[in-house]
Amino acid sequence: MFRIIFKRFYRNTLAVVGLAIIVFFAMIAILAPFIAPYEPTKIDVNNVLSPPDIRHLFGTDELGRDVLSRIIWGSRASLKVGFIAVGIAITIGIFIGSIAGYYGGRVDSILMRFVDMMLAFPTFFLILAVIAIVEPSLSTIMIVIGITGWMDVSRLVRAEFLSLKEREFVFAAKAIGMTDWRIIWRHILPNALSPVFVSATFGVAGAILVESGLSFLGLGVQPPEPSWGNILTSGKDNITVAWWLSVFPGLAILLTVLSYNLVGEGLRDAIDPRLWNSDE
Amino acid sequence: MEILEVKNLTRSFQVGHGLWGKKTIINAVDDISFSVKRNEVFALVGESGSGKSTVARLILRLLPPTSGHIYFNSTDINQLKGQDLMSYRRNMQVVFQDPFASLNPRMRIIDTLSEPLIVHKIGNKEERLKIIKEILQKVGLSDDVLNRYPHEFSGGQRQRICIARALVLSPQFIIADEPLSSLDVSIQAQIINLFVELKKELNISLLFISHDLSVIHYISDRVAVMYMGKIVEMGNTEEVYDEPLHPYTRLLISSAPKIHREAPISSRQIKESFDGISTDGCAFEPRCQFSKGTCKTAKPQHTTIKGRQVACHLYT
Numbered sequence: 008m009f010r011i012i013f014k015r016f017y018r019n020t021l022a023v024v025g026l027a028i029i030v031f032f033a034m035i036a037i038l039a040p041f042i043a044p045y046e047p048t049k050i051d052v053n054n055v056l057s058p059p060d061i062r063h064l065f066g067t068d069e070l071g072r073d074v075l076s077r078i079i080w081g082s083r084a085s086l087k088v089g090f091i092a093v094g095i096a097i098t099i100g101i102f103i104g105s106i107a108g109y110y111g112g113r114v115d116s117i118l119m120r121f122v123d124m125m126l127a128f129p130t131f132f133l134i135l136a137v138i139a140i141v142e143p144s145l146s147t148i149m150i151v152i153g154i155t156g157w158m159d160v161s162r163l164v165r166a167e168f169l170s171l172k173e174r175e176f177v178f179a180a181k182a183i184g185m186t187d188w189r190i191i192w193r194h195i196l197p198n199a200l201s202p203v204f205v206s207a208t209f210g211v212a213g214a215i216l217v218e219s220g221l222s223f224l225g226l227g228v229q230p231p232e233p234s235w236g237n238i239l240t241s242g243k244d245n246i247t248v249a250w251w252l253s254v255f256p257g258l259a260i261l262l263t264v265l266s267y268n269l270v271g272e273g274l275r276d277a278i279d280p281r282l283w284n285s286d287e
Numbered sequence: 003m004e005i006l007e008v009k010n011l012t013r014s015f016q017v018g019h020g021l022w023g024k025k026t027i028i029n030a031v032d033d034i035s036f037s038v039k040r041n042e043v044f045a046l047v048g049e050s051g052s053g054k055s056t057v058a059r060l061i062l063r064l065l066p067p068t069s070g071h072i073y074f075n076s077t078d079i080n081q082l083k084g085q086d087l088m089s090y091r092r093n094m095q096v097v098f099q100d101p102f103a104s105l106n107p108r109m110r111i112i113d114t115l116s117e118p119l120i121v122h123k124i125g126n127k128e129e130r131l132k133i134i135k136e137i138l139q140k141v142g143l144s145d146d147v148l149n150r151y152p153h154e155f156s157g158g159q160r161q162r163i164c165i166a167r168a169l170v171l172s173p174q175f176i177i178a179d180e181p182l183s184s185l186d187v188s189i190q191a192q193i194i195n196l197f198v199e200l201k202k203e204l205n206i207s208l209l210f211i212s213h214d215l216s217v218i219h220y221i222s223d224r225v226a227v228m229y230m231g232k233i234v235e236m237g238n239t240e241e242v243y244d245e246p247l248h249p250y251t252r253l254l255i256s257s258a259p260k261i262h263r264e265a266p267i268s269s270r271q272i273k274e275s276f277d278g279i280s281t282d283g284c285a286f287e288p289r290c291q292f293s294k295g296t297c298k299t300a301k302p303q304h305t306t307i308k309g310r311q312v313a314c315h316l317y318t
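Chains as they are written, first to last, in my numbering: chain X, 8 to 287; chain D, 3 to 318.
So here's chain X without its partners, still in its complex pose:
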């Protein structure tokens, strides 16, 4: 089964390009200390807002810091937020979705009404409200994005559980006398995960966007720590004189988010068994 998914995914050129870009940015983030030409926080007052040249490929900002180095280091913030926030969201979503789907009935109704309630909040403003109370930092954003983003996952998992728990291998497992926990964990969940992976890929893109937005508003990663969002903030202040301050971090965000979305779509099509028989 995985081989078919693999094959189908690889036939999707855009998705493979997306995957390549994701890997590229991941390498940059991991190798940041070795490939960044300058310290990302090093101020150089003699070189303020200098346009791209051979010494500073992406130019410098209003404090003379190297924009390329800041983007390279900033990719760490984006990837961290993307993965950890989605990790938190998936964990909560799987937990709530499994319980609602497996036990059904009243438990399901109560949990799903709670999900509806959470969905009724405009997420971004909820995050703003939380950040107004607690101190903004990278870990705060990750946690807040995580606990406001699990609802879709829980719905997906619940739907999978509702259909899987009527399958005969689950009945057989019950007839053997397995605990509910074992049935959920060993028998149903592994079969329910494919749509979650797809949703998670889109989730990473969303989380990166939210992080950039928050940092742009000054509520995310706090300067001098670099993040793509807060580089854009200084870009906004100097947009008439220094285009490079807006364009490069903007491109980085665009490329990353686009890649995750392409990979997500590729995965979704590759996993969907309704599309398998047509050409296999």
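No lab work stands behind these hints: they were computed from the structure.
Warning: the hint list may mix true and false statements.
[Claimed, not checked] DSS-like, lysine-lysine: derived pairs with alpha carbons at most 25 Å apart:
no., chain 1, residue 1, chain 2, residue 2
1, D, LYS25, D, LYS39
2, X, LYS181, D, LYS83
3, D, LYS25, D, LYS202
4, D, LYS9, D, LYS83
5, D, LYS140, D, LYS127
6, X, LYS49, X, LYS87
7, D, LYS123, D, LYS140
8, D, LYS132, D, LYS201
9, X, LYS181, D, LYS9
10, D, LYS201, D, LYS39
11, D, LYS83, D, LYS132
12, D, LYS202, D, LYS132
13, X, LYS181, D, LYS127
14, D, LYS24, D, LYS39
15, D, LYS135, X, LYS181
16, D, LYS201, D, LYS140
17, D, LYS294, X, LYS181
18, D, LYS135, D, LYS202
19, X, LYS243, X, LYS49
20, D, LYS308, X, LYS181
21, D, LYS39, X, LYS172
[Claimed, not checked] Computed list of chain D residues with no C-beta within reach of chain X, every gap over 12 Å:
no., residue
22, MET3
23, LYS24
24, GLN81
25, SER89
26, TYR90
27, ASP113
28, LEU148
29, GLN174
30, ASP179
31, ASN195
32, ASN205
33, PHE292
34, THR296
Yeah, the Cβ is synthetic: ideal placement off N, Cα and C, and Gly gets one too.
Keeping the supplied structure of chain X fixed, place chain D upon it in accordance with the hints.
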């Protein structure tokens, strides 16, 4: 000696619900009683929707009954808890209809087969492997299936694996819920012979559920014919097969394909829709060619004729 006794078992389902929707209660299993003796093959036969599989699920305690009791070795299974329930589960195993849905697609065969032993804390790793290899041999599979996944097997092989899973706990009783229906005819013969051999060799009792009369004729000692949740006729398989008493049994037997066949008994066209079926009279009345006045107004009671139980107004 009875190993399994089912007494006045009823299970109803609510259909059509919602905030203001009209509630309709359907009795999938309606006041049925039967018993299975040790080492006996007892068959339940009936068309789809007659409640056969619901009976299986009730006996497996996958569903609670609405009323009635199920006794296994004289203990009420719905009273069992903890250790006693586990020992019941160990002794009552099941083989399902669809061998493609009854194996977890993400587990290797060795994991599927060792899991029952792990759950019941039987043996260590080597002992479990020994048990599994013995069982595989009994169901006619070789050891090299162990590290493969279910999708690598054909339907017949999967059904053998399902039977092996039911056997690893060495149960006293196996429920086979339409174990042949999704297999090719040639494979059906192999699997049914496997059941016959296993039954002889391992001293297990079998509840065999099927809609295929020739299969039931071949394998079972006694048979109960179900129609719309009720048992309409029950007796020794040979006798029921040779001289069916209830009109529904006659219809079933005459409609089964045979080489030397007489003209089939005609069944009247079913006119009524599902909710048009009279709740007062006999459920089979709309299709019955012998329908008479009392059939519409009174439910037939079980009577014993020629050592058989029949629920039909023709015999009262």
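Handout entry: Violating hint indices (sorted, rising)
Key = Hints 1, 3, 11, 14, 17, 20, 21, 25, 26, 27 and 30 contradicted; others consistent.
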